[in-house]
Amino acid sequence: MKKTHVIILVLIAAAIVVLISYTGDLTTYETVASARQKEGKFVNLIAKLDHTQPLEYDPVKNPNYLSFVAVDTLGNAIKVVYHSNKPTDMEKSERLVLKGKVQGDHFECKDILLKCPSKYKDDPKAMQNNQPVVSN
Amino acid sequence: MKYLGEHLLPGQLGHFFTILSLVASLVATVAFYRSTRVGLATEKQGWLRLARVAFLLETISVFAMFGILYYIISHHLFEYKYAYTHSDKSLQVEYLLSCFWEGQEGSFMLWSFWHCVLGWILIWKAKAWEGGVMTVVSFAQFTLATMLLGVYVFGVKIGSSPFVLLRNEFNWPILSRPDYLNLIKDGEGLNTLLQNYWMVIHPPILFLGFASTIVPFAYAIAGLLQKNHDWVKPSLPWASFSAAVLGTGIMMGAAWAYESLSFGGYWAWDPVENASLVPWLTLIAGLHTNLIYRSSGHSLRATYFFYIITFSLILYSTFLTRSGILGDTSVHAFVDLGMNTQLLLFLLVFLVPALSLFGMRYKGIPAIHKEENTYSREFWMFIGALVLFLSGMVIIAKTSTPVVNKLFGTKIAPPEDPEYAHNQIQVFVAIIIGLLAAVTQYFKYKDTPKAFFGKKIWVPTFIAVLISLGISFFGAVRFDKHGPGFLFAIHLAIFAAVYAVVANASYIWLGLKGKIKAAGASVAHVGFGMVLVGILISSAKKTVLSWNTTGVTPLSEEKAGERGNPAGNPRENLTLFKGVATDMGRYMVTYTRDTLNEKDRKRYFEIKFKAKEGNESFDLYPDVIKNNKGMEGFAANPAAKHYWYKDIFAYITSFQENTGEDTAKFVNRDIKVGDTLYYSNGLIVLNKVQVNPAEQQHKYKTGETALFLDISILSKAGSRYHAMPGMAIAGNNFRPITDTVHSQSLILSFNKVKDEKQGLLEIGIKESGAVTDLLTLKVYEFPMINVLWLGIVVMVLGFVMSILQRTKKSGPLRVA
Numbered sequence: 001m002k003k004t005h006v007i008i009l010v011l012i013a014a015a016i017v018v019l020i021s022y023t024g025d026l027t028t029y030e031t032v033a034s035a036r037q038k039e040g041k042f043v044n045l046i047a048k049l050d051h052t053q054p055l056e057y058d059p060v061k062n063p064n065y066l067s068f069v070a071v072d073t074l075g076n077a078i079k080v081v082y083h084s085n086k087p088t089d090m091e092k093s094e095r096l097v098l099k100g101k102v103q104g105d106h107f108e109c110k111d112i113l114l115k116c117p118s119k120y121k122d123d124p125k126a127m128q129n130n131q132p133v134v135s136n
Numbered sequence: 001m002k003y004l005g006e007h008l009l010p011g012q013l014g015h016f017f018t019i020l021s022l023v024a025s026l027v028a029t030v031a032f033y034r035s036t037r038v039g040l041a042t043e044k045q046g047w048l049r050l051a052r053v054a055f056l057l058e059t060i061s062v063f064a065m066f067g068i069l070y071y072i073i074s075h076h077l078f079e080y081k082y083a084y085t086h087s088d089k090s091l092q093v094e095y096l097l098s099c100f101w102e103g104q105e106g107s108f109m110l111w112s113f114w115h116c117v118l119g120w121i122l123i124w125k126a127k128a129w130e131g132g133v134m135t136v137v138s139f140a141q142f143t144l145a146t147m148l149l150g151v152y153v154f155g156v157k158i159g160s161s162p163f164v165l166l167r168n169e170f171n172w173p174i175l176s177r178p179d180y181l182n183l184i185k186d187g188e189g190l191n192t193l194l195q196n197y198w199m200v201i202h203p204p205i206l207f208l209g210f211a212s213t214i215v216p217f218a219y220a221i222a223g224l225l226q227k228n229h230d231w232v233k234p235s236l237p238w239a240s241f242s243a244a245v246l247g248t249g250i251m252m253g254a255a256w257a258y259e260s261l262s263f264g265g266y267w268a269w270d271p272v273e274n275a276s277l278v279p280w281l282t283l284i285a286g287l288h289t290n291l292i293y294r295s296s297g298h299s300l301r302a303t304y305f306f307y308i309i310t311f312s313l314i315l316y317s318t319f320l321t322r323s324g325i326l327g328d329t330s331v332h333a334f335v336d337l338g339m340n341t342q343l344l345l346f347l348l349v350f351l352v353p354a355l356s357l358f359g360m361r362y363k364g365i366p367a368i369h370k371e372e373n374t375y376s377r378e379f380w381m382f383i384g385a386l387v388l389f390l391s392g393m394v395i396i397a398k399t400s401t402p403v404v405n406k407l408f409g410t411k412i413a414p415p416e417d418p419e420y421a422h423n424q425i426q427v428f429v430a431i432i433i434g435l436l437a438a439v440t441q442y443f444k445y446k447d448t449p450k451a452f453f454g455k456k457i458w459v460p461t462f463i464a465v466l467i468s469l470g471i472s473f474f475g476a477v478r479f480d481k482h483g484p485g486f487l488f489a490i491h492l493a494i495f496a497a498v499y500a501v502v503a504n505a506s507y508i509w510l511g512l513k514g515k516i517k518a519a520g521a522s523v524a525h526v527g528f529g530m531v532l533v534g535i536l537i538s539s540a541k542k543t544v545l546s547w548n549t550t551g552v553t554p555l556s557e558e559k560a561g562e563r564g565n566p567a568g569n570p571r572e573n574l575t576l577f578k579g580v581a582t583d584m585g586r587y588m589v590t591y592t593r594d595t596l597n598e599k600d601r602k603r604y605f606e607i608k609f610k611a612k613e614g615n616e617s618f619d620l621y622p623d624v625i626k627n628n629k630g631m632e633g634f635a636a637n638p639a640a641k642h643y644w645y646k647d648i649f650a651y652i653t654s655f656q657e658n659t660g661e662d663t664a665k666f667v668n669r670d671i672k673v674g675d676t677l678y679y680s681n682g683l684i685v686l687n688k689v690q691v692n693p694a695e696q697q698h699k700y701k702t703g704e705t706a707l708f709l710d711i712s713i714l715s716k717a718g719s720r721y722h723a724m725p726g727m728a729i730a731g732n733n734f735r736p737i738t739d740t741v742h743s744q745s746l747i748l749s750f751n752k753v754k755d756e757k758q759g760l761l762e763i764g765i766k767e768s769g770a771v772t773d774l775l776t777l778k779v780y781e782f783p784m785i786n787v788l789w790l791g792i793v794v795m796v797l798g799f800v801m802s803i804l805q806r807t808k809k810s811g812p813l814r815v816a
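Protein sequence lines, in the order shown, are assigned to chains H and Y.
Each step along the first sequence adds one to the number in my numbering, with nothing skipped, and position 1 is 1.
Each step along the second sequence adds one to the number in my numbering, with nothing skipped, and position 157 is 157.
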């Protein structure tokens with residue numbers, strides 16, 4: 001066997017090992033109920049903002065504390081605490097991907113990914129419901 | 001029904017040219033292909049002539065479509081959906097082009113445009129290879145044209161046309177009125193994130209990079225079809241060109257992210273970024289194996305494979321970013337237009353035939369079965385190419401988890417720290433690539449005299465060790481977030497990167513004897529090394545400066561050090577009250593004023609930074625741009641103060657304007673020196689009375705007698721403030737001088753002296769109902785980031801030098 005072949009095999013093996021070890025770091029997408037079951041484990045929670053509940057954010061008191069209630073598609077709700085500034089347009093977001101873990105009664109959020117209507121501009125379904133307001 | 005005020009001609013022309021471009025590109029594909037199959041020279045010429053005419057028609061169509069769409073957008077013809085959804089009347093002229101790339105259709109058009117330009121260069125330059133290469137390019141044009149069709153065939157939508165009318169797409173009630181255009185006064189506007197000058201230049205360059213990867217691919221396919229492997233010479237400058245442009249495009253995206261997005265950085269291992277980086281890595285691998293084959297006869301099969309896989313990865317990244325499949329993992333993916341099947345076919349129609357052809361011809365591709373010498377340049381270059389390729393595969397595999405989810409119904413999400421998951425692997429790739437880039441040029445092709453290598457290599461090695469030890473010991477690179485092992489790897493990578501810079505720079509003298517013309521590769525490698533140095537130092541030493549010092553985070557502060565607190569250190573946003581100097585590490589920071597610019601609709605904030613020691617002082621103007629109609633909130637654009645060795649980088653994370661009417665009244669209270677009064681949020685202590693204090697001189701005139709009260713305010717949250725209300729007396733007239741504690745919304749006045757003997761005074765306390773103007777700010781320091789930007793410039797310069805060198809008629813140069 002040629003040296004090159006040996007090196008190719010070693011490197012490919014290394015790449016495979018890297019990818020296998022990566023699967024250990026992967027997390028999962030969860031609902032509120034399944035995230036509660038995995039309390040303390042880092043998960044990605046897909047939910048949206050519950051507009052009927054108050055959103056607590058006061059930059060004067062603390063610009064790094066945001067608290068709100070998230071509700072998933074099954075209708076389960078959970079209080080979310082996020083220790084950073086409130087993402088812009090969060091109220092307008094149709095869907096939130098919350099990265100963090102359940103701690104006791106609430107969800108400790110480390111990062112929030114917004115799915116805003118702005119990014120869904122081309123979405124035909126969203127557009128249908130987005131008729132301009134006309135004053136005549 | 002007749003609709004009023006519509007401009008239907010541009011749309012009809014647009015549809016016509018769409019169909020024409022589809023037909024013309026198909027004719028061009030067939031004709032170019034026939035020209036490679038026929039033996040007779042006259043017949044060949046005939047087919048070529050037909051093909052060129054067809055390609056000319058194709059080019060005219062694409063340019064016409066481009067022009068029509070520009071006309072529609074610039075004339076605000078909102079009866080067209082594209083103009084309505086992607087632009088509005090207030091848009092600045094310079095961003096009209098950005099509307100093109102906001103939608104999928106416009107960016108496909110841009111891609112198509114570049115294929116036309118590159119196609120004509122190939123027709124002009126490719127000579128014998130024209131037929132084969134242009135077959136592939138024309139076919140790609142055909143597939144791109146289908147993307148813009150927007151017709152239904154047997155109920156399946158093919159493509160998405162940018163020329164559709166609003167009233168045909170939506171069933172809003174108002175659209176059925178004949179005068180609906182009078183009701184639709186303005187479009188929805190361009191996404192605010194794209195209203196940035198980088199967004200005018202980054203997409204065209206990136207798409208030129210995407211488009212240009214087809215040229216090496218087309219040469220490879222033509223070579224396989226014609227069983228002729230001489231294309232490796234003309235492919236070299238094309239591969240260098242593509243690498244330079246794609247690399248520039250990617251890094252312009254990084255610069256845009258750095259200057260316009262509030263991600264707090266230039267690279268986030270976002271799927272969209274990865275999807276364009278990986279083809280670049282495989283292209284660089286292909287460029288190196290191509291060089292190996294030209295100089296030693298090895299690695300031709302690998303070259304074929306790398307060029308095929310590069311273009312396929314471009315198509316795969318198109319699928320990833322446009323199918324909406326990344327929805328939950330990426331911050332900026334396009335949305336599903338119902339074209340997923342078509343996008344997948346777009347990938348497969350190139351990948352499957354190309355790989356099959358490669359498999360069928362594999363045995364026939366010449367290869368040397370003798371082993372490469374360990375003391376040869378080709379051996380180490382091949383290892384480097386392989387490492388680049390595998391690192392690309394690891395990145396794309398990690399990025400593809402949403403595809404795995406789709407295929408197998410799993411629910412895999414990215415890891416807790418996706419950036420570290422990439423960094424911990426890629427730092428080792430950086431070490432290997434840095435070392436290989438440093439030493440490989442000191443080997444000669446085929447075999448290197450050991451004495452030559454030993455004699456030349458020790459000087460740059462010695463210098464690089466000295467410099468990197470200097471950085472390691474005095475550079476204070478202490479990135480201990482992920483443990484000592486990772487930190488050690490970073491230091492090792494810094495050495496490798498410095499080594500790459502020093503060794504390649506020295507090689508210009510030691511190896512090439514100062515022949516700058518032949519130094520393209522060395523210069524590109526120096527640039528690449530600088531990019532690595534810049535990335536390593538700026539990322540490892542990136543620090544948050546805006547630690548919240550206003551003392552308002554008792555809750556999270558205690559938990560910050562706790563193990564397993566997911567928030568980590570949450571105090572990274574500093575609250576600034578208008579006019580109040582706030583402590584921020586080395587600086588006192590003041591939010592002095594803000595102005596709304598009507599032209600670009602941005603609100604600029606003036607933030608004054610003053611160093612506590614020394615007289616360093618500067619202003620930053622981060623801005624926010626109000627979002628499009630129908631959306632609240634704003635998009636923040638950072639501002640940075642550039643030093644040669646670091647950037648101070650700041651952006652607004654939230655702001656509040658004082659809008660409420662101030663209805664509160666002064667409450668008058670008696671006070672003596674040493675007394676304490678309460679207000680709703682804490683204590684007010686009168687320390688002493690000062691007569692004509694020198695530090696308040698600007699507040700009273702000469703001839704006036706001024707009395708000032710030295711007052712301390714202690715808020716419940718524990719912060720301490722200082723206020724100096726006073727009065728100026730001239731004869732019988734007196735004038736109050738109030739003082740405001742913005743952060744407490746507290747206004748103090750000194751009303752009168754009630755009883756001189758007892759020292760009884762009266763002060764007025766007003767607690768303003770409205771919150772004062774405030775903003776929260778995030779500030780980072782990025783050291784050595786300019787080395788990164790400069791490195792890119794140097795690298796591109798190196799590529800340009802080697803393109804010039806290789807396109808010269810003087811025959812092959814083997815210096816590489």
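Be aware that one or more of the hints could be misleading.
Unchecked claim - Short, incomplete list of chain Y residues facing chain H, as computed with Cβ under 7 Å: (1) Ala-397; (2) Asn-573; (3) Lys-716; (4) Thr-776.
Source of the hints: derived by calculation from the structure; they are not laboratory data.
All residues carry an ideal CB built from backbone N, CA and C; glycine is no exception.
Verification of the supplied hints:
no.	hint	in the structure
1	Ala-397	holds (6 Å)
2	Asn-573	holds (4 Å)
3	Lys-716	violated (11 Å)
4	Thr-776	holds (4 Å)
In terms of the numbered hints stated before, the structure departs from hint 3 and from no other.
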